[in-house]
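Engineer: Here is how the chains run, residue by residue.
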Amino acid sequence: MLRTLQTFPLHKDSAWDLAWNHQKNILASCSSDKTIRIFKEQMNQKTKKNEWICSSILEESHEKTIRSVDWSLDGKYLASCSFDGIVNVWKYSLKNGQNDFECIASLEGHANEVKRVKWIFSTESKNLLATCGRDKTIWIWEQINETEYECLAVLTGHSGDVKYISWMNDSKFLISSSYDETVKVWQKSKDENHWLSLDTLAGHNSTIWCCKPCGNNCILSCDQDNKIILWKPKTDIETLPEQKFLSGYSLFEEDSEKTEKNKIWQKFVVISNAHKRPIYSLEIIEPLTESNSELIFLTGSGDNSICIFSVIDSEVKIRSRYENAHPNDVNCVLYLKEKEMITSCCEDGIIKFWNFKK
Amino acid sequence: MQNPNPIIFETQKIQRIPKESDFDDNIEDEIDEIEIFEMLRNIVDPEHPLSLEELNVITLDGIKVFNKDNYVLVNFTPTIPGCTMSTLIGLSIRTKLERSLPSRFKFDVLITKGTHNSENDINKQVNDKERCRAALEQPHLLQIVNDCIRPSLQNQTKKKRK
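Chains as they are written, first to last, in the UniProt record's numbering: chain A, 1 to 358; chain B, 1 to 162.
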């Protein structure tokens, strides 16, 4: 159940994305006002209760809307990407008890708006960063050292803006969703630097704003037409034969020629009428596992509401719906597991913290 | 220029007739179609110094207001089915609505069904808030959109052309 804890009308323009640092328990938000804000919990001396405060503002690093932020898994780095085409990497440290952020690298390569950044550890335990954008491509960067980043691969195959990317099964798979109305699953070939499009999931009829793995190699995606799809693999993808990289540029033809029979992921559940406006954000609360058959997730929508869904097999239930969670589009919802909280951000720039009991 | 000699339509004498209730502070004045029409009628075409009303791109019956649902739907009709300016016109309408409508309203801006060859593509682009936001962050596009919208800021209807 949701209960509002705190509301921060700090961003002066649309707040687009939120990222939670599991290691350091701090939150980052980003906005069209070209700033990133960092929130941390602090004891209020009067009430003796913990409260969220905005502890830092990172500014003058991007010239346009900052669309997305993400923390590296080790909690040491924050990446931000912007409509100005740049990806910035920030180093986080504590100096005299204060959060300190230093912009240590600017990655250039995308032709225009960069829409998402996502960190992961590579199999060699190096930080990897995936970015995607308006230029229809996905870039994979490896952190060589703090200030040096090498582009390992540029993934082409989408025919429209790439709106969202997520890693799946550590760094084995990457999933992406696009303006071209498809979700793609990419697999790393044995040769580290090659990524192959393993499957293209067709079933949405509009821009797909978000796609996330939700356990057991299933994928959840949501779109502009208020639709959510849960995709299940037909086969055990762990046992798929390693794909071979074919020299030449026949990568995506290879995939699009796949007949329906060879498709790996299939539509398992379609949820059409839960929201009245586009669904911009998905957040997994309880993923599917071998022992858990109930998928629980959150949605943030352009109809200003936040919904909590439960899916068991193919039975969908809306556990709760919070109409007017925000006075405008809910652009992102995030689950802070350690805190039993949810945080959300909105088109009007407001960030809210909610108490959340499953 | 694609359509050098567009048909110019006589501007309709659409005007809000003040009702007695308009002056009653106890009655909430709901936003209606005429109000939206007045917001949009004087936006100009990027190619012509003509208003969307004069070009019949915006008409009163293309506008629907659902006050209870806080929703506005605007259909606009390109002058020719291949008009490459349609996305820009859609963006101008959208931007004007964003700036003028109370924030409780959601809206969609759609091409009148069957009046453009790339209807779906344009609808998709104009209603993608992320792309529109990015477009308006490009100085030259913002300039064009602002130039299109500027005449609509004058409250009264322009003097009629002879």
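What the hints contain is simulated information worked out from the structure, not anything from laboratory work.
Hints should not be assumed to be uniformly reliable.
[Claimed, not checked] Over 12 Å on every C-beta distance to chain B, these chain A residues come out as not near it, computed from the model:
#1 53
#2 105
#3 118
[As the list claims (entries may be wrong)] Listed next, the in silico BS3-like pairs over lysine-lysine satisfying Cα-Cα at most 25 Å (straight line):
#4 A:276 <-> B:19
#5 A:276 <-> B:68
#6 B:64 <-> A:12
#7 A:64 <-> B:13
#8 A:276 <-> B:64
#9 B:106 <-> A:118
#10 A:40 <-> A:118
#11 A:12 <-> B:68
For glycine and all other residues, C-beta sits at the position ideal for the given N, C-alpha and C.
Engineer: Please go over all the hints and tell whether each is borne out by the structure.
Structural biologist: Hint check results:
| no. | hint | in the structure |
| --- | --- | --- |
| 1 | 53 | holds, 27 Å |
| 2 | 105 | holds, 23 Å |
| 3 | 118 | holds, 17 Å |
| 4 | A:276 <-> B:19 | violated, 34 Å |
| 5 | A:276 <-> B:68 | holds, 14 Å |
| 6 | B:64 <-> A:12 | violated, 31 Å |
| 7 | A:64 <-> B:13 | violated, 43 Å |
| 8 | A:276 <-> B:64 | holds, 17 Å |
| 9 | B:106 <-> A:118 | violated, 31 Å |
| 10 | A:40 <-> A:118 | holds, 21 Å |
| 11 | A:12 <-> B:68 | violated, 29 Å |
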